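Asker: One-letter residues, chain by chain:
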Amino acid sequence: MKKTVFLGALTVAGLAAGAAAAGTLDDVKARGKLNCGVTTGLVGFAAPDANGEWNGFDVAVCRAVAAAVLGDPAAVEFVPTTGKTRFTALASGEIDMLARNTTWTFSRDVDLKFTFVGVNYYDGQGFMAPKALGVSSAKELDGATVCIQTGTTTELNLADFFRANNISYQPVPIETNAEAQQQYLAGACDVFTTDASGLAATRATFEAPGDHVLLPEIVSKEPLGPLVRHGDDEWGDVVRWTLNALITAEELGVTSANIGEMSAAAGGNPEINRLLGTEGNLGEMLGLSADWATKAISASGNYGEIFEKNIGESTPIGLARGLNAQWTNGGLIYSPPFR
Amino acid sequence: MSDKRADSVAFVRDTFIAEQPAPSSATGVVKWLQDNLFATWANGLLTIVSLYVVYLLLTATMPWIFNGIWNTESLAQCREVLDGSTGACFSVLSERWNQLLFGFKYPPDQYWRPTLAFVLMFAALAPVLFFDLPRKLLVITALFPFTAYWLIWGGTILTPLFALAGVVVGYFVYARFVKNSFAAGFFGAIVAALVVWMLGGQIIPENANDNALLAAVPSRDLGGFMLNMMLGLTCVSLSVPIGIALALGRQSNLPLIKVICVVFIEFIRGVPLITLLFVANVMLAYFFPPGSGVDLFLRVVIMITMFSAAYIAEVIRGGLAALPKGQYEAADSLGLDYPQAMRLIILPQALKISIPGIVNVAVGLFKDTTLVSVISMFDLVGMIRGPILASTEWNGVYWELFMAASVLFFVVCYGISQYSQWLERRLATDHR
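Chains as they are written, first to last, in our numbering: chain A, 1 to 339; chain B, 1001 to 1432.
Rather than coming from a laboratory, the hints here were simulated on the basis of the structure.
Everything numeric in this text was worked out from a predicted model, so none of it was measured.
Hints may be right or wrong, so weigh each one.
[To be verified] Restricting the straight-line Cα-Cα distance to at most 25 Å, the calculated cross-link-like pairs of lysine to any residue (SDA-like) are:
#	chain 1	residue 1	chain 2	residue 2
1	A	Lys84	B	Ser1219
2	B	Lys1179	B	Ala1245
3	A	Lys33	B	Val1217
4	B	Lys1105	A	Gly52
Extracted from the complex, chain A is given alone in its bound form (with noise of 0.2 Å):
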């Protein structure tokens, strides 16, 4: 009964086939739409809602750069991928950028040809305890059963972290998170191990989060971001500039309640006059109007606020900034300067 779109579809095909090879930037812009790949639900980073709106820390990501592009936050073409074919998806050219808690990894960006244009999340593997275990360290873990997941990263770093430490443990193979965190609360391991953000939103589901703890020791780098396509620097450069326009914003103290006072004439700090457009032509050196920051920002407010919104300590999620704090308070994220 689709035939004819079948049909249509092979012809139109053959036509767009010499299209294809126009910029990222320029496709987008043609397209009105920001297609954007998202995971299938992570809670915090990506999940829709009950009218079926996505929300969450990496969707804002997406929605920024679609506010820088077109200058409409809704204006993006949410692509859920799974794990397995979210680089199919970005390498076909199905979507345009990929924020989807994805790791920074050598391979990835060498030999899967990605370019990871900065890190909005960096997170790392943690464990989790019941309280009554009564342990305060991973290293006094020694013969503790384990709960983990097979055929990932986070098995092999585990066993690179008993090794190091010269102490035993008992894993216990796992297919899935949702099965994991069964088994942890059945008893069937003493320790569950996964990445420290989801661990934190798995504890945010039990029925008394405060009964276990997540041990301070976190084992493995796991600098998530999003990402592009090799070969079209352009479009890597509005995606990361985006990003890093988010960070200087609060940085700057711009947020989405001051950014309508702060981008209706220049003020006293340049560098926000030159982030929000009301000097200086960095908007026209990405192929973006003047205001392109501004509408980013707008979009879901400054990293600090997108933050605090989805996966922030007012949250069931909980997560404290860490790491993930500016790097004026001793953490991880730093935007290089608009200049």
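Mind docking chain B on chain A? Use the hints.
Answerer: Below, chain B alone, put in the same frame as chain A:
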């Protein structure tokens, strides 16, 4: 014996004893219990143990179900209301039922469209499934795919109309040429239909969807149990005819056709469905230029149909092989040509034998449609595992959601299985 009178004779009974009720141990509940549950002491022991297990199960689950909460807005609230007592949090179903059924992007004010299509589905299936109904009702069945397509996807009505026109023209061409030769009619019909579809593709304007009567809904926005139903129904109904063709092709005397069918069947059966789905989603995206790929739903339908067609072909081949050679020879001796022999003698019998197998494949296929959640389509399971469990409100609700999914699937699969049993009884013409 002292009071025995002299004139007395041996006792002769001249009235019936009033009917007595059977002894309590040989009737009613007691007898049933004795025969079925406590026939021997071993059976009695088993009965008591089983009763105890049932009791344990019920005491564990019943409070959980009947104490369920239906009207809170998040898992945390649910737990507050329950306040430590046992109870399910069914609120997730009452809040997200629409997402479970229709996916999270189907416009809520348009829910009546898939619902109507669902109701029409029964009207369309009835004449096919219950062949005692008047044959004229088959018109509804023939129109259903086009109506349902229009209802669910919306957009311009020209698309389904041209699709329908292609089929009608194809049918007339078939009817015109089939008297000369089946092949001429069959291939002529396909060519004619293709011509009409091509023309239709040219005539329908680019922006026809903009002001259509029913707002267009892209395939990406479909989801929930609706998606499972659509995939299951489309793929089963497409794969049965293809499966028949493949089964006949595999028995063909023409080496080329035979080789093509054998290679297709063996290749598809040698590959897991999930691999084919990844090919549909991932590989095909590389073959088409960005932004112009064939609709994902269509790609998945093609792959699942190919998969189930290969299995159904083997089931039907089993049916064909089970027919005695005499049936083939009888057809030949009547002077029937190949298509006639197949349509009138061989297939009706072979298909009857194959019914349990085909239903088995259909039920399996329907459940396999949940695999599309792996390629980020939001079917029922995809909705649960993705958006619903990932929302901050409902993260941590597992039993309630998966129980709801099981109930939905059970109802459909049990229905299919009951129908097939009825069909077998109805078609039974042998002497038992």
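Asker: With reference to the structure, classify each hint as holding or not holding.
Answerer: Status of the hints after comparison with the structure:
no.	hint	verdict
1	Lys84(A) / Ser1219(B)	holds, 21 Å
2	Lys1179(B) / Ala1245(B)	holds, 21 Å
3	Lys33(A) / Val1217(B)	holds, 17 Å
4	Lys1105(B) / Gly52(A)	holds, 6 Å
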